[in-house]
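Protein chains: 2
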Amino acid sequence: MSIQKPSIPQGTRDFGPAVVARRNYIFGIIRRTFEKFGYAPLETPTLENLSVLTGKYGDEGDQLLFKVLNSGNFLKKQKGDKITEQVTAADLEAGAKTVLPKIAEKGLRYDLTVPFARYVVMNRGTLTFPFKRYQIQPVWRADRPQRGRYREFYQCDADVVGTDSLLCEAEIVLMMSEVLNALGLTDFTIKINHRGVLRNIYQALNTEARETDLFVAIDKLDKIGRDGVTKELLERGFSEQAAGQLFELLAVEGSFTDKLEKLRAAFGAAGVPTEAADAYKGLQELGQVVDFLTAFGFEQFDHLEFDPTLARGLSYYTGCIFEIKINNVNMGSVSGGGRYDNLTGAFGLPGVSGVGFSFGVDRLYDCLDELNLFPESAATTTRCLVTNFDQETMPLLLPVLRELRAAGVPSEMYPESGKLGRQFKYADAKGIPYVLIQGPDERAAGQFKLKDMKTGEEKTLSLEQVLATLTA
Amino acid sequence: MSIQKPSIPQGTRDFGPAVVARRNYIFGIIRRTFEKFGYAPLETPTLENLSVLTGKYGDEGDQLLFKVLNSGNFLKKQKGDKITEQVTAADLEAGAKTVLPKIAEKGLRYDLTVPFARYVVMNRGTLTFPFKRYQIQPVWRADRPQRGRYREFYQCDADVVGTDSLLCEAEIVLMMSEVLNALGLTDFTIKINHRGVLRNIYQALNTEARETDLFVAIDKLDKIGRDGVTKELLERGFSEQAAGQLFELLAVEGSFTDKLEKLRAAFGAAGVPTEAADAYKGLQELGQVVDFLTAFGFEQFDHLEFDPTLARGLSYYTGCIFEIKINNVNMGSVSGGGRYDNLTGAFGLPGVSGVGFSFGVDRLYDCLDELNLFPESAATTTRCLVTNFDQETMPLLLPVLRELRAAGVPSEMYPESGKLGRQFKYADAKGIPYVLIQGPDERAAGQFKLKDMKTGEEKTLSLEQVLATLTA
Chain A
1 MSIQKPSIPQ GTRDFGPAVV ARRNYIFGII RRTFEKFGYA PLETPTLENL
51 SVLTGKYGDE GDQLLFKVLN SGNFLKKQKG DKITEQVTAA DLEAGAKTVL
101 PKIAEKGLRY DLTVPFARYV VMNRGTLTFP FKRYQIQPVW RADRPQRGRY
151 REFYQCDADV VGTDSLLCEA EIVLMMSEVL NALGLTDFTI KINHRGVLRN
201 IYQALNTEAR ETDLFVAIDK LDKIGRDGVT KELLERGFSE QAAGQLFELL
251 AVEGSFTDKL EKLRAAFGAA GVPTEAADAY KGLQELGQVV DFLTAFGFEQ
301 FDHLEFDPTL ARGLSYYTGC IFEIKINNVN MGSVSGGGRY DNLTGAFGLP
351 GVSGVGFSFG VDRLYDCLDE LNLFPESAAT TTRCLVTNFD QETMPLLLPV
401 LRELRAAGVP SEMYPESGKL GRQFKYADAK GIPYVLIQGP DERAAGQFKL
451 KDMKTGEEKT LSLEQVLATL TA
Chain B
1 MSIQKPSIPQ GTRDFGPAVV ARRNYIFGII RRTFEKFGYA PLETPTLENL
51 SVLTGKYGDE GDQLLFKVLN SGNFLKKQKG DKITEQVTAA DLEAGAKTVL
101 PKIAEKGLRY DLTVPFARYV VMNRGTLTFP FKRYQIQPVW RADRPQRGRY
151 REFYQCDADV VGTDSLLCEA EIVLMMSEVL NALGLTDFTI KINHRGVLRN
201 IYQALNTEAR ETDLFVAIDK LDKIGRDGVT KELLERGFSE QAAGQLFELL
251 AVEGSFTDKL EKLRAAFGAA GVPTEAADAY KGLQELGQVV DFLTAFGFEQ
301 FDHLEFDPTL ARGLSYYTGC IFEIKINNVN MGSVSGGGRY DNLTGAFGLP
351 GVSGVGFSFG VDRLYDCLDE LNLFPESAAT TTRCLVTNFD QETMPLLLPV
401 LRELRAAGVP SEMYPESGKL GRQFKYADAK GIPYVLIQGP DERAAGQFKL
451 KDMKTGEEKT LSLEQVLATL TA
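Line by line, the protein sequences give chains A and B.
All residue numbers for the first sequence refer to full-length UniProt numbering, where the first residue is 1 and numbers rise by one.
All residue numbers for the second sequence refer to full-length UniProt numbering, where the first residue is 1 and numbers rise by one.
There's no promise every hint is true.
Because identical chains share one entry, a pair is satisfied inside a single copy or across any pair of copies.
[What the hints assert, rightly or not] With a Cα cut of at most 27 Å, we get these calculated DSS-like pairs of lysine-lysine:
| hint | residue 1 | residue 2 |
| --- | --- | --- |
| 1 | LYS102 | LYS5 |
| 2 | LYS223 | LYS5 |
| 3 | LYS102 | LYS459 |
| 4 | LYS454 | LYS425 |
| 5 | LYS5 | LYS56 |
| 6 | LYS325 | LYS262 |
| 7 | LYS223 | LYS259 |
| 8 | LYS325 | LYS451 |
| 9 | LYS220 | LYS97 |
| 10 | LYS281 | LYS419 |
| 11 | LYS223 | LYS97 |
Worth flagging that the hints you see were computed from the coordinates, not collected in a lab.
A quick note: this is a predicted structure, and the numbers were derived from the prediction, not measured.
I would like the entire structure built from these sequences, with the hints used as guidance.
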């Protein structure tokens, strides 16, 4: 076994103790919020069959799937097995489409949505609907790593399927604001829109150009601005007049309900048909969400913005769509989601409506870090280091260590005797806030010195007083 | 996108809400115990470079590594990239050793020990030693799936490196017993032995046969019995006399310290040399561990057994070794570990002593399940379902839902109006213990009906009383 310089793959990360503790602080707040709203945990395997994953994320997504080699042997001069066939030189000539199915039938989870849909379909006979689940697990994408983009990262999703009640949308807004408030992120905007509103906007433009081209263009507004979007629309067959009308509609101002009313009037004036059963459904549903929030006594309407420019890409959303922006940090959205009507259709279960959203933990982490919002308690686990004076007296402190732990105080003794300076350095480096010392004098008096590592203050205390201080 | 019947790969599992909650109950107890003893969390990537993994688990282990295809393209008629080279027909002829490095440079984490060693070496400049870490993450093995053996499963490891203090061994016994007690597993045995004791036993046999053959044979005693082990020893060049003497030594009886003394006498009588610095080191260290436990006030010595037959395979252990057996369930060991002297040597950092152990969560789960030891609280998240009478009155209950959640009671409203029977069925299926109802009469009186789903009992209560009941 040769000695080697170890490394980890590009785009992956080790999380040391301090970072794990802080990440767990975020996960804990998200998990407790999901559970408080009745969402139950689901975990799916890391390994999924490629037949489940492929074709669900578009061509680009298929390229980004990590594929796992079959464990049987697919090479010449080796025994084949039931699963895999041998790869031949002719296969190599034929290319990837011929070779891949022979060597890889499994891949790594790419998101939490497709596995959730698969789970719902596989268990539809035993699940109780509406089914509310949350899922906090890593996903993998063979993307080119760059700052803030990893090949292995966590997603935190909550979805409910089997109901089209807008109560779910209202509760998503509540959960979003609850998580952000609990994290101490006060300067946030929850943007909400509805695919039906976008559809009505398209209808109002009264154009022969394609609807999806409009959505794709609007989605880029943040990045390429009004001029860029106009240019793209003109290229795609929209008239100058249509583009102008679009920006008039998107520029609607006022309170949430003001905007709803102004758009309703504008759609009417532009001749958007009112006869269909779902006419102005987007505006109507957004109004219903606001009504539910009002009934809940929601107090953060100033953080909720109806944003008709929000499009959320070309994804499977069909109803309300959401996105959260932290305003005092320069960062993309930290959360997003929306309603979809046919998530499980690809697995043979059509017509199951659902709505869900997801938090991006890496971005939340960076926000908290930049704004210095991690509480001190999130940074360390051990609360007290018991010093190890010498081999003879060290066993005398073990019952004390036991009492500390029994009182729920995470504690440890420095495992080796001597050199108090080294032990203090250890406590310091590990971020342990208290150090307990018992020299000969304290022992004779049945007392202890407790040093507060932050202030440097030392107090001589009884064990009872030590426990009281450390459990405070 | 064609419709397909979805499935998950062999040897993997979906964990539905009830199972996740129960698994989290186990993880929570293990995590809190590790932290109480000053172990800090570490997380390493799922993807490791194959150069890190290969050669660390023996030939069989290398076969069981899941390998991940490079994301670049290694096939003809496609552009190559920096990482991967094209595979040629000649490569196929040459076989796996030539092809694999060209198509896969990453693999899935096989255990938590090698990534830990890699992490320690990569971060040796900034880590504070002794470094105490725990790690609770899944691992993957391309093993043939069978009952109780999965291809994706969790390990829960705690290790400390950078000290040879036996305090760590004593605390491992404390952590083991604390976890089992907290889980309600009362009929357990923590078996402990020392590689030095096995070494002394070998020396006592005064044989020319190989030491490792002795360890391998002893390790099988559980499975093949005394006759099987004897047969194997004779085949490996041990004499009948040596085999007889072995079983005399292994059959030593009495209390922990009795056994230590009897073996010391037997080793002396057999002429095991006493001059070396580490003479009888195994016995001496085991005695020290017992002394530390006594100083701690450890109360479960009846659950701690010095078992000279415990060998723990051919692994990297060099000092104390541990194993836990649950006696009232027919199941292999649920935990094991030991001290090693050169874990980081393969990565260029020799001489770092450490000791660690691991819990097997799947086996613990099965034990608790079989003995019916999961508390009810571990099975559900939502505590109260608020019924949804009709569309008009439903918003009136949203402030109540909000108050329940604000009081920390995980609660949900059935998202659709009507059909109370269906709502009760939902609560029942989801294991929700309480249902809150407000019909016209209760509303008029400013009261609520709270139904206990287990007893069927209904009480008419004020909101204050409801909150008191649900937070009790």
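Index of numbered hints that the structure contradicts, given in increasing order: 2, 3, 8, 9, 11
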